[in-house]
Amino acid sequence: MAVNVLVADDSAVMRAMMIRTLRLSGIALGEIHEAADGGDGLRILGSRSVQLVLIDVNMPVMDGLEMLKQARRRTRRKMAVVVVSSDGSERRAAAVRRRGAQFLAKPFAPEDLREAIIRSLGAAHVGS
Amino acid sequence: MSAHRDVVLRTAATRAFEELGLLCVRQEGPPPRVSGALRAGAEVSFTGSLEGHLILRVSRGVLDAITANMLGREGPHSASLRSDALGELANVICGSALAGCVGPSARLSLGPPARIGAGRSTEERRPLYARASLDLEAGRADVRLYAMSA
Chain A
5 MAVNVLVADD
15 SAVMRAMMIR
25 TLRLSGIALG
35 EIHEAADGGD
45 GLRILGSRSV
55 QLVLIDVNMP
65 VMDGLEMLKQ
75 ARRRTRRKMA
85 VVVVSSDGSE
95 RRAAAVRRRG
105 AQFLAKPFAP
115 EDLREAIIRS
125 LGAAHVGS
Chain B
1361 MSAHRDVVLR
1371 TAATRAFEEL
1381 GLLCVRQEGP
1391 PPRVSGALRA
1401 GAEVSFTGSL
1411 EGHLILRVSR
1421 GVLDAITANM
1431 LGREGPHSAS
1441 LRSDALGELA
1451 NVICGSALAG
1461 CVGPSARLSL
1471 GPPARIGAGR
1481 STEERRPLYA
1491 RASLDLEAGR
1501 ADVRLYAMSA
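For the record, the sequence lines run as chains A and B. Numbering-wise, the first sequence is residues 5 to 132 according to our numbering. Numbering-wise, the second sequence is residues 1361 to 1510 according to our numbering.
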């Protein structure tokens, strides 16, 4: 089954990088949505069926952790989430994992992002 | 400044340019290669157990190369996308360098990256904490971390 994805990052360049990595990952992709802040991200999650969310922590309007918290509260759908951050502190990583998401510190190689996505989604979604 | 902090900053910057910007960094050693004036700049402010800002400046060749590499397509790219790419690199270098300098359990908060225009000087607000110059395959980069304990 194809996976619908939301990529939430205020950097257009980082969104492009993450989408390119997704396309090269072997994951069967459906719709790919983009959000430039947490508020936009929540609106998309409220109106679309999304199975995988990639979230940057540092975003304007609503940061990634708040977006994740509200998304978990508002939707009962099962969603795989990978949170990326320039701040790789233990405190930040623990906060993300408490919310049931994978954590990835920047900079990351494309294969690191792919592995985090696969851990989050499960290997069943990934082709060879 | 201390030699240890300079090494931490250089390591963070090298990793960011290589993994995010997909550019090779030449190792230190004489003779230094100079290619291109440092023109474009980005600044990231931070607060927490350390307070200050990081300034990243690069030559035009580096700016064009990281933008193309991060987007995965050749330019020309808009000034907005070039600034976005440089700001993201500055943000990542800042986060990695601070974690290396003050430890992974420190409480720090990074602000959004801001573009530094020509003629704007922000460098005297805090003491120089660490500095690194990188010789890259597409030009050069200079990173300065200004900080003091909160």
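The hints are simulated quantities; they were obtained by calculation from the structure and are not laboratory data. Please note: incorrect hints may appear among the correct ones.
Claimed, not checked - Here are some, though not all, of the chain A residues that point toward chain B, as calculated from beta-carbon distances under 7 Å:
#1 S15
#2 V17
#3 I23
#4 R24
#5 T25
#6 L28
#7 S29
#8 G92
#9 E94
#10 A98
#11 A113
This structure is a prediction, so every number in the text was calculated from the model and none was measured. Note that CB positions come from ideal geometry on N, CA and C, so glycine has one too.
Outcome of the hint check:
1. S15: At 5 Å from the nearest chain B Cβ, A:S15 passes the 7 Å test, so the hint holds.
2. V17: With Cβ-Cβ at 5 Å, under 7 Å, it holds.
3. I23: Since the shortest Cβ distance to chain B is 9 Å, the answer is violated.
4. R24: Constraint on A:R24 satisfied, holds at 5 Å.
5. T25: At 10 Å from the nearest chain B Cβ, A:T25 fails the 7 Å test, so the hint is violated.
6. L28: Violated, about 10 Å.
7. S29: 14 Å, violated
8. G92: 6 Å, holds
9. E94: Hint holds; A:E94 Cβ to chain B Cβ min 5 Å, cut 7 Å.
10. A98: Violated, because the Cβ-Cβ distance from A:A98 to chain B comes to roughly 10 Å (cut-off 7 Å).
11. A113: Because about 5 Å separates A:A113 from the closest Cβ in chain B, which is inside the 7 Å limit, the hint holds.
Violated hints, in rising order: 3, 5, 6, 7, 10; the structure is consistent with all others.
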